[in-house]
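Engineer: If you read the protein sequences in the order shown, they are chains F and Y. Note that our numbering gives residue 156 to position 156 of the first sequence, counting from 1, and the numbers run on in steps of one. Note that our numbering gives residue 1124 to position 124 of the second sequence, counting from 1, and the numbers run on in steps of one.
Since the hints were made in silico from the structure, they are not lab data. Where hints are given, some of them may not hold.
As the list claims (entries may be wrong) - Okay, derived cross-link-like pairs now, DSBU-like style, lysine-lysine, Cα gap no bigger than 35 Å in a straight line:
#  : chain 1 : residue 1 : chain 2 : residue 2
1  : Y       : Lys-1310  : F       : Lys-22
2  : Y       : Lys-1310  : F       : Lys-23
3  : F       : Lys-131   : F       : Lys-155
4  : Y       : Lys-1187  : Y       : Lys-1086
5  : Y       : Lys-1310  : Y       : Lys-1009
6  : F       : Lys-162   : F       : Lys-25
7  : Y       : Lys-1216  : Y       : Lys-1447
8  : Y       : Lys-1292  : F       : Lys-22
9  : F       : Lys-45    : F       : Lys-155
10 : Y       : Lys-1292  : F       : Lys-25
11 : F       : Lys-45    : Y       : Lys-1310
12 : F       : Lys-45    : F       : Lys-23
13 : F       : Lys-130   : F       : Lys-45
14 : F       : Lys-162   : Y       : Lys-1447
15 : Y       : Lys-1441  : F       : Lys-23
16 : Y       : Lys-1086  : Y       : Lys-1040
17 : F       : Lys-5     : F       : Lys-25
18 : Y       : Lys-1231  : Y       : Lys-1310
19 : F       : Lys-25    : Y       : Lys-1310
20 : F       : Lys-45    : F       : Lys-131
21 : Y       : Lys-1310  : Y       : Lys-1435
22 : Y       : Lys-1435  : Y       : Lys-1447
23 : F       : Lys-162   : F       : Lys-22
24 : Y       : Lys-1292  : F       : Lys-45
25 : F       : Lys-22    : Y       : Lys-1447
26 : F       : Lys-23    : F       : Lys-162
27 : Y       : Lys-1292  : F       : Lys-23
28 : Y       : Lys-1216  : Y       : Lys-1435
29 : Y       : Lys-1228  : Y       : Lys-1435
30 : F       : Lys-25    : Y       : Lys-1447
31 : Y       : Lys-1228  : Y       : Lys-1447
32 : Y       : Lys-1441  : F       : Lys-22
33 : Y       : Lys-1228  : Y       : Lys-1292
34 : Y       : Lys-1292  : Y       : Lys-1231
35 : F       : Lys-174   : F       : Lys-45
36 : F       : Lys-23    : Y       : Lys-1447
37 : F       : Lys-45    : Y       : Lys-1441
38 : Y       : Lys-1447  : F       : Lys-45
Each chain, letter by letter, is given below.
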Amino acid sequence: MEASKVIHAIYTDDDVLMAAVKKVKSERHHIEEIYTPFPVHGLDKAMGLAPTRIAITSFLYGCVGLTVAITMMNFIMIQDWPQDIGGKPSFSYVENMPAFVPIMFELTVFFAAHLMVITFYLRSRMWPFKKAENPDPRTTDDHFLMEIPVHNNEKELSDLLKETGAVEINLIDKAH
Amino acid sequence: MYTISNRLKMASIALMILGLLGVSYGFWDSHQYKTEEDVKVLLASEHGDHHGDAHATEGHGEEAAHDESVHGAHADVDHAEAGHEKSHEEHVLHQIHNRPWSALYVAAFFFFMIALGVLAFYAIQFASQAGWSPVLFRVMEAITAYVLPGALIVLGIAVASGTIGHYNIFVWMDPEVVEHDKIIQGKSGFLNMTGFIIRGLIFIAGWSLYRYFARKFSIAQDNAEDNKNFKKSFRIAAGFLVFYIYTESMMSWDWIMSVDPHWFSTLFGWYVFASMFVSGITVIALMTIYLKSRGYLEFVNDSHLHDLAKFMFGISIFWTYLWFSQFMLIWYSNIPEEVTYFVTRFEDYQIPFLGMVVMNFVFPFLVLMNSDYKRIPWFVVMAGIVILCGHYVDVFNMIMPATVGDRWSIGIPEIGSILLFAGLFLFIVFTSLTKAPLLAKRNPFIKESEHFHY
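Okay, chain Y solo, but in the shape it has when bound (with noise of 0.2 Å):
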């Protein structure tokens, strides 16, 4: 059995504790800006800065003109046909109030994603019978502990975004912006808030069901005489499966792509499973590693972690794929309501958006790409760290240019949310750790397991 030590039980609180003095400073100072008045002060002593005091004017003329054509989807949104405009001040100091609501978000899904992620891949296993993995799965167990609260918290984010705070990440909750945008109130039979909150429990419901069964039969097949509880196990995953990618993609569509409503990709679904899955794997890997160097889990040996190590460096290029196909269509077929999604990115976010392919391909696919390499803990957690900060940067690319717009940064209120979220994710994950054996002796496949090697 394992037991939490009292040092990382604190050191979860205590990142807990400060994330939340960040999250709650990030929303003060966020409301430090009240009126139109205040963002003018705050662009002219921006410009002040960038160009000179003789070329303020100037540069903030072109600075607004710059924002209507790029700011893509949401732009449009705020600026709707039917002559709802809104001054640019208005637009900045709606910006200024999202970012502490979009940086809480950014970070809930991004820990949420790998604990999805890993309920995904831990399924897989089952359904596919595989013999390597069944020494992992208390630890793939202990993850997706967090699906349910981390899901649940996705979803009460948004919903309070678009109820309790001024619509800072869905433009689509707004009435009054479905009131004077042709393209949302067509999609509104789909994009209303009833059926983003009915949705969204059914996901959860059905992600939460699964994995509580999962785990009950997994423990109840420690002490059994038989194998009616793997059986049982293999099929439900089996079920699972299915169910999994049609709401994992409908999520995709729900709680990221509809902060773009008038932007629409047929493959996000997969991109956003691509990033889920790599993150989920090599959040196991780093865990893995973690409770081998404090003396847990002897019967895992480096031919598990080889294959780890396989699975971080393939999936990173499958996302690579994923990532360079949705964007190659649109790049090539240039359909203005299309590529704006990639002009705001790359004029607004170049570093971010083009750092995370570093990130999140070349780097690992450099650095794992040499056999012995996947063997070695210390590789696999450096090239394991890049791949979740790739990915955490991922997510902020999909949400941030939507709800931000080029007044993005990486900050208090940013680094408060992953702190938060990180803090209650390892003390969710490392109490569940706790609940069972480390070692799932009676499943058919733990014989196997044990003695592979590659």
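This is chain F alone, in the form it adopts within the complex (with noise of 0.2 Å):
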């Protein structure tokens, strides 16, 4: 159930900020998102977000990249086109193996890191051409923005914000 309006509670400070998450949160409210400029650490944990899965992405698609690479040094050098290098002619992969392990780990890095970064923008629904979704160009420079959706509370809800240290707190309209 999407709220039709939310308010809009600007911080000017990262300490602060925890701390009103922390408030919200044992006052049993929904936080819908919030906007920093960089990383808070911890902040994700105190909004109760589940831990992320990046990191197993990462191990999957670094196996993709070690069975690329595998793949490909076999198909190069074993089988397509064996070569006599350094005086080792030799049509075994795993004899040969030793000089294929840079490969091997380079690609393995090479998937896990491109595909990886690859994952988050499209996890985070961001692409070339796409428009910001970000309420406010404050929260790019100096400004934190909290956005809790209202249910018939909106004078509770401001109450609370305002003794958290918010700035500025806007209602604002959805609905379009």
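Mind assembling these two chains? They're in different frames, but the hints should get you there.
Structural biologist: Now the structure itself:
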């Protein structure tokens, strides 16, 4: 159920923001989203977000990269066009394996890193020419914004947010 | 303050006594073989076991040829150019006599290298002004108490093997070998007994001086009004690290690489460094977990453990990187005088040589990869024990092929030596731990460290 009205509370300090998040959560209000100019350490835990699964994808992408490297080197150097390098003519992948380890390592890292970054962008719904969802440009500079859905409790919420040190509280109608 | 429990004290003394018995047995056992005749009987009985009596002589011939070709640097040295021929039996007799010496030396070096690795880690914490680690400083300081006795013991065994022993670890100490060996003669400006002792004493003096002053400033800082002691400690840590990286490298040539005096590797110092660094960090983690389980170190939280486990994971990979770099270049170029080092290890040491890669790389890599597992004490302990065993085997693989060849085993002399030095290590480290409060309370970063969370 998407609330049509939200409150945007603006903070100017990450420590104040952290304390505010803890307070708002302890009063059992749902926090829709928080926009910050830089990553705030421990904010995800305080908001009660589920832990990230990006590490698992990274491991899987690494396995893909390793497999690609092994298959590729086996095809190029053993099957398709075997060569006599350093006086070691051989048609066995295993015997030549040490020479391929740097390639296996590099492709593992390459796949894990690049695919992980791409996954992260897509999962965050970011792609080229995408219009920014950011509600207030000041959150890219030095302000922190907390978005809380309103269910006929604006008064109670704004009092609570003021108490936590919000410098500005705006009621936004999201209906369109 | 920490007080050493009687049980721990008794256990360490019991380990030392047991170890001493094992070491003595090893020496006694090896000297049952006094002459080449004894060895002939031994070899005949061994071949009887392996090939059946009918093939005894044939098998023996193969074995001897195999020894000549494979035994790399040391074999070359023994069978030196100028017609100084030794019989196979004499060679084997020497290997049998070398075994207890080498076992003692490997274990002594292993425990010494843990302490020196921790000393370097400790200095890095100061030089980088790390904020997470000051709650662990007293544990690190206690472990580094073993640097001085440990290093003196290693140097002592090395020198004794070339004086009261019969050149049981370093062949270049034997004037008769050098006389017939042009390559060692060329290196004798560096590889000679006097130089070896003087260099060793300079290394030990430098490390111990840093350890002495760092500990002194750390304790003085506890009750200080300002940060003067901390600043002094910062300065000497930076100086020590420069001294350390040169002397550690030279120490590894002297104390390890020179057992194969014909062979050399230019990244050997780094390789030994990686081994000592990861062993040292592992021991810090194990000791922290032990002390926490006994109700001490209440200010250490699981984020500190997490960071130590990250170091164990990372430096294990670093070790593998160096191990593989050393191996691959030599394997690829395939130059006889270099590749003999790895041929020996693949022919005669296949299980420890490849098993070490599993223990030092594959196992910690898979076990410690998951972020959550790095905070679970028993997981870290399990990985830590495997890493420590793996690095013992690493030192074993560096020394044994040169001294005992294919007559290696992990038996009473080896385990006795491990117990002896484990007991001594525990005794010195935990006694040193009782000498100061467990929290370096006036360190300027102690607040940050106590509140450290990841």
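Engineer: What are the numbers of the hints that this structure violates, sorted from low to high?
Structural biologist: Checked against the structure, no hint fails, so every one of them is satisfied.
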